[in-house]
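Number of protein chains: 2
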Amino acid sequence: MLGLMQDKPLLVSSLLDHAERFHPDQGLVSRTCEGVTVRETYAQLAARVRRLARALVAMGIKPGDRVATMAWNTHRHVELYFAVSGIGAVLHTVNPRLFPEQIDYIINHSKARALFFDITFGESVAALLPTLPMVEEVVAMTDERHMGSMPDDAQCYEDLIAQHEESPYDWPQFDERSASSLCYTSGTTGNPKGVLYSHRSTLLHSMMTCQVDGLQLSSRDTTLLCVPLFHVNAWGMPYASAMCGANLVLPGPNLDGKSLFDLAVEENCTFSLGVPTVWLGFFGHLEGLDPQSVDQLSLKRVMIGGSAAPREIIRKFDEIGILTIQAWGMTETSPVATVCNLLPKHAELSKSEVLDIQTLQGRPVFGVDIRVTDDAGEPLPFDGKTPGDLQVRGPWVASGYYEHDATSLDTEGWFATGDVATIDADGFVRITDRSKDVIKSGGEWISSIDLENAAVSHPAVAEAAVIGIPHDKWQERPLMLVILKKGQTTDREALRQHLSGLVATWWLPEDILFVDDLPHTATGKLQKMILRQQYAPA
Amino acid sequence: MLGLMQDKPLLVSSLLDHAERFHPDQGLVSRTCEGVTVRETYAQLAARVRRLARALVAMGIKPGDRVATMAWNTHRHVELYFAVSGIGAVLHTVNPRLFPEQIDYIINHSKARALFFDITFGESVAALLPTLPMVEEVVAMTDERHMGSMPDDAQCYEDLIAQHEESPYDWPQFDERSASSLCYTSGTTGNPKGVLYSHRSTLLHSMMTCQVDGLQLSSRDTTLLCVPLFHVNAWGMPYASAMCGANLVLPGPNLDGKSLFDLAVEENCTFSLGVPTVWLGFFGHLEGLDPQSVDQLSLKRVMIGGSAAPREIIRKFDEIGILTIQAWGMTETSPVATVCNLLPKHAELSKSEVLDIQTLQGRPVFGVDIRVTDDAGEPLPFDGKTPGDLQVRGPWVASGYYEHDATSLDTEGWFATGDVATIDADGFVRITDRSKDVIKSGGEWISSIDLENAAVSHPAVAEAAVIGIPHDKWQERPLMLVILKKGQTTDREALRQHLSGLVATWWLPEDILFVDDLPHTATGKLQKMILRQQYAPA
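Protein chains in written order, with the numbering used here: chain A, 1128 to 1665; chain B, 1128 to 1665.
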């Protein structure tokens, strides 16, 4: 027997409707690629989104069609978020920092019919277009004055939307499981794979974002958005901000410490989100400032994700009165799966003990279920010390990839994250390694990351990489590769001595080699697969 | 094109699973009808719910079957919430304060197959059973020791669940639009009508409850639940508490000021919810206490709903450091539709100006859309002064009534609430009247409630009722009926003089009559329909 409640689908268009009706004066601040600051209330945003929606329909964009973007965090990119999904098409955000051949692969794979791009990418787009036969419409996200150096075929965004009305738009109503956006994730091997979000997953994820035990986003927030709109929908922030009427400050192409600091001060930002690298740059700028300047910040909390937040960053934020909230997730989890909010019982802890908790990747929010499993796929205890393969499931976790055969789920619907983690009795997750990098020695698992961290804590070590090498008796044993700091020396025995104070004896590397260089991906990740090939026994 | 996200239905069973896995040590405190205090963690709750679920299945309860309860706020009632909905049956909470003939009508109309009741209702149930032919199973929610005076056919709850295992239970997965609970709403006319909630509506409403701009419920809360579990699912609190792992304190049958105060202090409650009447009793108790005793309260916020919160209560709460959050809704809206949270721009207001805002019924949370319309059904402006019929729509608003022909929605899906309200530019709602009571005079609307409030502000007036009487020229004009306080006197002219300082001249009543008595419903509401008949022109 079905209930008798209204069958209203959860659609992205309803977010903007709500913001326009009930938060008309809140909205966006956008530092554009043209170097100006644009202020746009939700009422103005909604009006421009309606013009854009009409322009897309006039172009012939149909429900389900992909519309690609190569763009920074600006108001026009947010307009595309709402207009493309609003008419039932799929917003395909492309990471413009990828290699041209990857961008080429991704746009061709998605069969995007239109490509919107920021003027900073005019040249790249001109170079790409000859190998993008399926892209019919190319639009430079700018005004007429800045069209000079754009590709010949490109239309002008502002001209395009000026041709259409801003009058009320009858947003189509459709199945909430329809695709709303598409984001490709690039692993270290194989071609990038597309995660296809639905309107339902997007809205449920937004509802979580506005929860106290989620990211605490509310109408009282002004958020400095340091995570790019081209990466996992900027952690869902455009949607969640419209849901609760929070102000959204978009820094455009400039993500250096000074630009972010100035913007945070000028716009009285209360919240921000970014990867650790962004905050390293931020603190780099803060170091040169006097305390009064730092005091101008209104920031109350900062969310860190993407990779583990260094304890030192969390401590530094605490020192200037800003709460760090670490979170974990991935492109396949929309992305927020766990959030490191403190529990009531942590109220009595010392600063240092609180920091211990804050360096964890957090606990699952409602909607996400998690577990760790052993090699045989059996669930492991929540004991905070037994590492296992981290699996997740829930309504905003991917069930597969766009036009890709690989099934990502097991028979019970668990998605294998590829991370190795421990989970404690309260559900706090600690990511200890990547599944393919963990060293399986005598039935136990050794974290390559923990060993690397122990090595770089030695004053002479600049960088370290640990890989598993096959071993007759133990299955695998760790091999450590070390780059020394310029002008520093140490030897195997001294380093071994240093490590033995930090990790269990049976974790100590089988061998330590000093090298001049280590291979990295374009985004700075260690390419351990290459190392494993290089150091494989003959 | 559908997205590629997991198709996980939003089910009530997933709430308890989450609480057990990630908040095992938080849970319930229950003052039972037997006079003892029971503590039950979410882990223990989940274990007992699994026993109960097996007992229900063994009884022959099938998906869709109704299971009725007549019970207070205790842990066993919460167990029924999760077990009944968990197995796919429908929890039908019956208001035990209704007249026996209403209870009889409701249970027969729902065709409940089982009836669970608290021992305080043993006698009423014994009297009801002969006219409830469809009820096959009757269970007293107590242990063997208290079964003495229970009806002969009644089984014992504790015996019943002791016969079943607490081992893992494979909760059925089904369409999230399936019915989860049923609550009848009794108007002033006609038979009660059943609102049939779905798993989906219940979970979406819970997600809103945990939002900062919702009720701000979090794992750091311990909630004193002063709204009954038999009324609109206690405003959804059992579900939302499990969602975020908040502690829930259940006061059982004793809702007097002293019992609630003592419980709030003993359990360090941080949040509470109740109708204004409950808080009048609460402050009645506080008046006799010294300030140190009052200081023992850990309450930080109190939600008031059900009827408009008097300004004086909000002020009194503020005086002792407790924030009042007013909300508006009804059985048909699950119930929360609008919540009175302050906006950033209110930060600079004076106490008295803040109080002005807090006496409003709040703004719509995301998920609920609202509007006011005129007699012709045309939308009226959000100007804070034009009253109209308040309409709502959204995924936790009723689309109809259980086994009832009346359609409650118009063609665009708007539900007519039967309230008259103004909405201001920020979306703040002020309920000014009931649609059937508002006086339509010369094309404008006069609020009967505002006139009554103006009248009772006169020192000699005990109670006032204002009704519309037909008028040749103006369509309707107000007639005021007044009961004077004992020993007090005034006359028509003096009262008219008093009113003219408080309302517009054209609102002044056509006539004022002094009466000895006014008709009320069982729950204390004025029966204006009777007055309209009584004072209708011949």
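Don't take every hint at face value.
What the hints assert, rightly or not - Restraint ranges, calculated between C-beta atoms of paired labels, are given here:
#1 B:Asp1389 to A:Glu1414: 51 to 57 angstroms
#2 A:Thr1404 to B:Thr1538: 51 to 57 angstroms
#3 B:Thr1500 to A:Glu1480: 41 to 47 angstroms
#4 B:Gly1511 to A:Gln1419: 53 to 59 angstroms
#5 B:Thr1538 to A:Arg1166: 34 to 40 angstroms
#6 B:Ser1477 to A:Arg1166: 24 to 30 angstroms
#7 B:Val1583 to A:Glu1480: 35 to 41 angstroms
#8 A:Asp1417 to B:Val1421: 56 to 62 angstroms
#9 B:Gly1511 to A:Asp1389: 37 to 43 angstroms
#10 A:Pro1506 to B:Thr1312: 42 to 48 angstroms
#11 A:Asn1381 to B:Leu1407: 27 to 33 angstroms
Don't read these hints as lab results, they were simulated from the structure. Here the structure is a predicted model, which is why all the values come from computation and not from measurement. Every residue gets a Cβ at the ideal spot worked out from N, C-alpha and C, and that includes glycine.
CB of Gly1511 (chain B) to CB of Gln1419 (chain A), is that within 53 to 59 angstroms?
For Gln1419 (chain A) against Gly1511 (chain B), whose Cβ atoms are near 42 angstroms apart, the range 53 to 59 angstroms is violated.
Given the hint of 27 to 33 angstroms, is the C-beta distance from Asn1381 (chain A) to Leu1407 (chain B) inside that range or not?
violated (58 angstroms)
Holds or violated: 51 to 57 angstroms for the Cβ distance of Thr1404 (chain A) and Thr1538 (chain B)?
holds (54 angstroms)
Verify the CB-CB distance for Thr1500 (chain B) and Glu1480 (chain A) against the hinted window 41 to 47 angstroms.
For Thr1500 (chain B) and Glu1480 (chain A) the Cβ distance comes to about 57 angstroms; the hint is violated.
Taking the CB of Gly1511 (chain B) and the CB of Asp1389 (chain A), does the distance hold inside 37 to 43 angstroms?
Roughly 38 angstroms apart at Cβ, these two residues keep to the hinted range, so it holds.
CB-CB spacing for Glu1480 (chain A) and Val1583 (chain B) relative to the 35 to 41 angstroms hint
57 angstroms Cβ-Cβ, so the 35 to 41 angstroms window is violated.
Between Pro1506 (chain A) and Thr1312 (chain B), is the Cβ distance one that fits in 42 to 48 angstroms?
45 angstroms Cβ-Cβ, so the 42 to 48 angstroms window holds.
Is it true that the C-beta distance of Ser1477 (chain B) to Arg1166 (chain A) lies inside 24 to 30 angstroms, as the hint says?
Between Ser1477 (chain B) and Arg1166 (chain A), where Cβ atoms are some 29 angstroms apart, the hint holds.
Are Asp1389 (chain B) and Glu1414 (chain A) spaced within 51 to 57 angstroms by their CB atoms?
holds (54 angstroms)
Against the range 56 to 62 angstroms, how does the distance between the Cβ atoms of Asp1417 (chain A) and Val1421 (chain B) compare: consistent or not?
Between Asp1417 (chain A) and Val1421 (chain B), where Cβ atoms are some 45 angstroms apart, the hint is violated.
That 34 to 40 angstroms hint for Thr1538 (chain B) and Arg1166 (chain A) (C-beta), does it hold up?
With a Cβ separation near 38 angstroms, Thr1538 (chain B) and Arg1166 (chain A) satisfy 34 to 40 angstroms, so the hint holds.
Hint check: violations occur at hints 3, 4, 7, 8, 11; the rest are consistent with the structure.
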